[in-house]
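Engineer: Chain by chain, the residues:
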Amino acid sequence: MQSCRRKSLWLALLASWLLGLLGILPLLRLAVPTGPRAGAPQGWPRWLDAELLQSFLQPGELPEDAPQLRRAPRGGSCDWGACFDTSKCRSGGFKVFVYPAAEPTSEMQHKILASIEGSRYHTVSPTEACLHLLTLDAPAGACSLVPPKWNGGKNHLVLRLHPASCSGTFQLGWAMVAEASPTVDTFRPGFDVALPLLPEAHPVRGGAPGQLRQHSPHPGAALLALAEERGGWRVAATDSSACPWDGHCEQDHGPEQTHPGAALPNATFCLIPGRRADALRFLQALQAGCIPVLLSPRWELPFSEVIDWTKAAIVADKRLPLQVLAALQEMPPTRVLALRQQTQFLWDTYFSSVEKVIRTALEIIQDRILGASAHPSLLWNSPPGALLALPTFSTSPLDFPFYYLQQGSRPAGRFSALIWVGATGQPPLKLIQAVAGSQHCAQILVLWSNDKPPPPSWPETAVPLLVIEGHRKVSARFFPHSAISTDAILSLDAHSSLSTSEVDFAFVVWQSFPERMVGFLTWSHFWDEAQGRWGYTAERVNEFSMVLTSAAFYHRYYHTLFTHSLPKALRRLAEAAPHCVDVLMNFLVAAATKLPPIKVPSGRRHEDASPPRVPGDLGPAARDCIDRVAAGFGHMPLVSSRLRLDPVLFKDPVSVLRKKYRGLEKP
Amino acid sequence: MCASVKYNIRGPALIPRMKIKHRIYYITLFSVVLLGLIATGVFQFWPHSIESSNDWSVEKRSVRDVPVVRLPADSPIPERGDLSCRMHTCFDVYRCGFNPKNKIKVFIYSLKKYVDDSGVPVSNTISREYNELLTAISDSDYYTDDITRACLFVPSIDVLNQNTLRIKETAQALAQLSRWDRGTNHLLFNMLPGGPPDYNTALDVPRDSPRRYFLLSSQMALHPEYREELGALQAKHGESVLVLDKCTNLSEDVLSVRKRCHEHQVFDYPQVLQEATFCVVLRGARLGQAVLSDVLRAGCVPVVIADSYILPFSEVLDWKRASVVVPEEKMADVYSILQSIPQRQIEEMQRQARWFWEAYFQSIKAIALATLQIINDRIYPYAAISYEEWNDPPTVKWGSVSNPLFLPLIPPQSQGFTAIVLTYDRVESLFRVITEVSKVPSLSKLLVVWNNQNKSPPEESLWPKIRVPLKVVRTAENKLSNRFFPYDEIETEAVLAIDDDIIMLTSDELQFGYEVWREFPDRLVGYPGRLHLWDHEMSKWKYESEWTNEVSMVLTGAAFYHKYFNYLYTYKMPGDIKNWVDAHMNCEDIAMNFLVANVTGKAVIKVTPRKKFKCPECTAIDGLSLDQTHMVERSECINKFASVFGTMPLKVVEHRADPVLYKDDFPEKLKSFPNIGSL
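Residue numbers (this note's numbering), protein chains in the order written: chain A, 1 to 667; chain D, 1001 to 1679.
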């Protein structure tokens, strides 16, 4: 009994000890750790009384700010709201007055003046102008004095294409400064405009296209090119040198200098030091489709107010070379592809000529005036760019033909037929019946521009028919009539002949290509070696680059573009040579899309193609039309195509009953 | 455990017979055991929130207990902020160093209570909001507790509200932080992010009813001059403009910040903001605009009339899409300016305003994370978040397609294309294909993918002699995906995938296919077209190879496409589609059609009248039963892929591409592509 009791006593003791230890250990764990345990981060403490903490605002305290009135701005602290008077721009639209060049003028100054005088903004009257433009680009020491209508610099834009020319000659007052690569220290965002640093030989108009010939980098292309101090580029391999832009390891890779002093780099990335003088290299890289990697630039990137440079360039910190290098090497192909394409888009749209640079600068100022109805960011940063997407048409990307996919949308399923009845035209009764028979037709508009009055009665149609009378120039057929209610327009001539099948199929094709023109009859352009100029022909050949607007589908936006964006010279041409409007329209669409139009099959034989509009029969004025239009555009935007889009079962040896567009099957 | 139980049972019987001394002894022992039991139980079965490793390290204390730091009156004051600071000059980026994840590391100083010489606290130790903010940072991926590894430092000194700050003493407190160094890499939060935080929840439901007022001003602290101008606007435009002010005749118990008045009419704030289309945000003395947050939340479009006011996060947020900025000088015209905005744009702005609030302003956490993300984007620009990611509301992001080949670029013809022939062991047929394809003028290279691991490809001397380089790639495994691998040997952008039995395509037909691809480099350009259809009876997709008027796919037995799609197929194919294809040895072409349509949002291009790839020799296996199982399998693929993609990306079109003069009444010898083939 005794021993049993003692035994159990010991057992109990042991057990209690064990339990005690088990129990105390966690307690010890609680008490002991004063320093952080390895692995687990010591976060911000969860305060026991977190719920009881006071708000940073006292209950009675107003969350509002104290009232304050605006202080009158001083010259240096000018901003858009304070220093620009928009009232002058409201009534007459955006008009620009340019001070005549004072002697002596530089080459560049001439180019700028010429390009503005040709633009649709230009005005000769300084009182009517909303913006006064002063170019300060004279050779050193020959700067003009304060111009006559200076007015303290209000509503003035001072253009300085070369850094530091004429700086400090007179007080800039309330004037905005458009400067080539301005330093970030003096640049006033939202007020000044950052321009690109252009080489002296930059073309006025047109300009060289981007160098990129393929979307993705060639597998053998070098990863990096470096801007050399002497000018030119040096191609570097990244694997062998850890510090390709650092002075001391330069001697290591002598043999890699495959393209020393090359004018344009041939690499995926272009490293550009941050010095202001290297801004020139930035443009070179852009043109070459070499993704610029800017190392801590001390200058503002051109047009940074509107251009999203993160899509086309990389601004890196020069203090982290290894990191930048690693990031470039590991950049996913998807990103490289996107960056490369964006460099080309930006170069071609805003930088390739002096005219584009100036227009972009003016467009930025116009956007500030427009405020809420300015270009949305998408219009600036995706093709075709803000110069070709007019905010006066709409600020919603959905209204334009270019952004359906980006917006996850598609064109609506209806079109408006626009029939032009010229001086010799007869009422196109048969055509109206054929077009009205299409299930996609929403309305028919007849533009009656004939000396004879229109017939009193028109055929009964299932869709509304509207006759718009008035004697007009041929260019008025592309006027954005407010009566047009659909995005798609079928442009027709009184003597066009189409079947319902043709109309239906062409419209369905247009829905797949809403930014292009879809037509039946085609022309193609060619370079006439013998005469050294452009020509075009309606002869049937294996390719084409234009479709006749006597029967073509296109987006109604092109009416706005045709009427409101053409430079003065081309507008005059359109009015003087009526047969040129077809060519002009095709140029305009090609310039916007950079793609050829689309041809669909037409049952009509080509001999029927309206004789008066085929250039062969025309006088010399019409024959050199294409040459003059090309000169006006500064380049040849037309692109040739070698294909025609047919219905899937077109002329296949299968039963006609299987086919949807039977009207097209007739020989 | 066992011991104590045993003892427990015997205990009551024993106790009465025991001596007093023993009894006390046993009772003590018993209670020790019991205590031990309880202690074990408590620590074994305590709720997990306490036991988790995280919380062993997190201090569990009161804010009242934080250490006190006395600031002598003559302790150093930091230099004034350098206004010309830029990321490249004042920010010490070396501290951020190399970082494989491209994420900055943020350190938070521990909380201290600062008192001046006489023991009076410099400020409220920490506010609820600042505590929330620091907690959010601490919980995020950016946080580090290692001061030596940190690249950004956040002081725990609360400077959210300038009104409660003693500026000089706070500055002294900041200056004595261990890594202050003139504030390099330090981040201070100073804001007034909105009114009292306990709103009526009714506001959380956006209302679609028409808004009664066109323009509303709800700010109480307005400069008389602005109020005068607003009054003039109201007088001119009547009912549609509402200018609210502080209420003067409210009873004591009503919270004045929740009410606004117009003359004697009382309105609930912020609910009244939902009644207006546009809400005015006027200039205040400091940076913050409390009303902005309220306005955004109500889905009212802010009209910012405050020159040189920098809108929050304007570095990344495109405020043009969610607000109207009017110069102060133009305040009188504000009504007509707003009237000129089309209704659709207004609706868009309302949605955008609400989305900005939800994404970046609705909580302290959202504000803190957006701030850190912006700094992160500056330090690691190559990993920065894009404009679209910051600004597009989720509905837009979901529906939109960003074509990876968006640049309208027609590649030069001279580049040519690389033909990739996938083969297993049909050497004779393979050699015929090679010979045929080599006749195509634009062919620049021929790549044979030898998919048979058991057999070596024929000797070099046996291969047909062709004018372009011919390379043979041997694969490690017999997989269908091998045909879509982005081989280094592919130097051209255009790829022609072709099976080793496709001998019926004419040279003109292939050359024309390449020309068509050049005009549509972002699409699949193929010969026989196929269609997907919705089977209403079975409620699922069906594969259709009948000769219909529509196409949505092309067979990749012979198809041109951009080599980038090889990269996408191999590395970015969603879900398990790639493995599924390899396991089933089928449908790799359907998978490619899905992939391309999904990233580009565009339809395929079918060229020429060709309807099938039937070789003369293989009629024997073209039995009906085989055909049917084939169709069932292909339909299964479409359904499987559609469910993986979460949508049906294929686009149906009614056109095909033919040469310009195809079937035209024109001399054949003058046509570029006279021999375009048959069905």
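By construction, these hints were calculated from the structure, which means they are not laboratory data. Warning: the hint list may mix true and false statements.
[As the list claims (entries may be wrong)] Pairs of lysine-lysine, DSS-like flavour, derived with a Cα cap of 27 Å:
| hint | chain 1 | residue 1 | chain 2 | residue 2 |
| --- | --- | --- | --- | --- |
| 1 | D | Lys1540 | A | Lys660 |
| 2 | D | Lys1669 | A | Lys651 |
| 3 | A | Lys154 | D | Lys1330 |
| 4 | D | Lys1365 | D | Lys1113 |
| 5 | D | Lys1611 | A | Lys659 |
| 6 | D | Lys1663 | D | Lys1439 |
| 7 | D | Lys1168 | D | Lys1112 |
| 8 | D | Lys1614 | A | Lys659 |
| 9 | A | Lys666 | D | Lys1612 |
| 10 | D | Lys1168 | A | Lys666 |
| 11 | D | Lys1612 | D | Lys1651 |
| 12 | A | Lys95 | D | Lys1320 |
| 13 | D | Lys1101 | D | Lys1112 |
| 14 | A | Lys651 | D | Lys1365 |
| 15 | D | Lys1320 | A | Lys88 |
| 16 | D | Lys1113 | A | Lys660 |
| 17 | D | Lys1168 | A | Lys660 |
| 18 | A | Lys660 | D | Lys1651 |
Engineer: Find the hints from earlier in the document that the structure breaks and name them by number, from lowest to highest.
Structural biologist: 10, 13, 14, 16, 17
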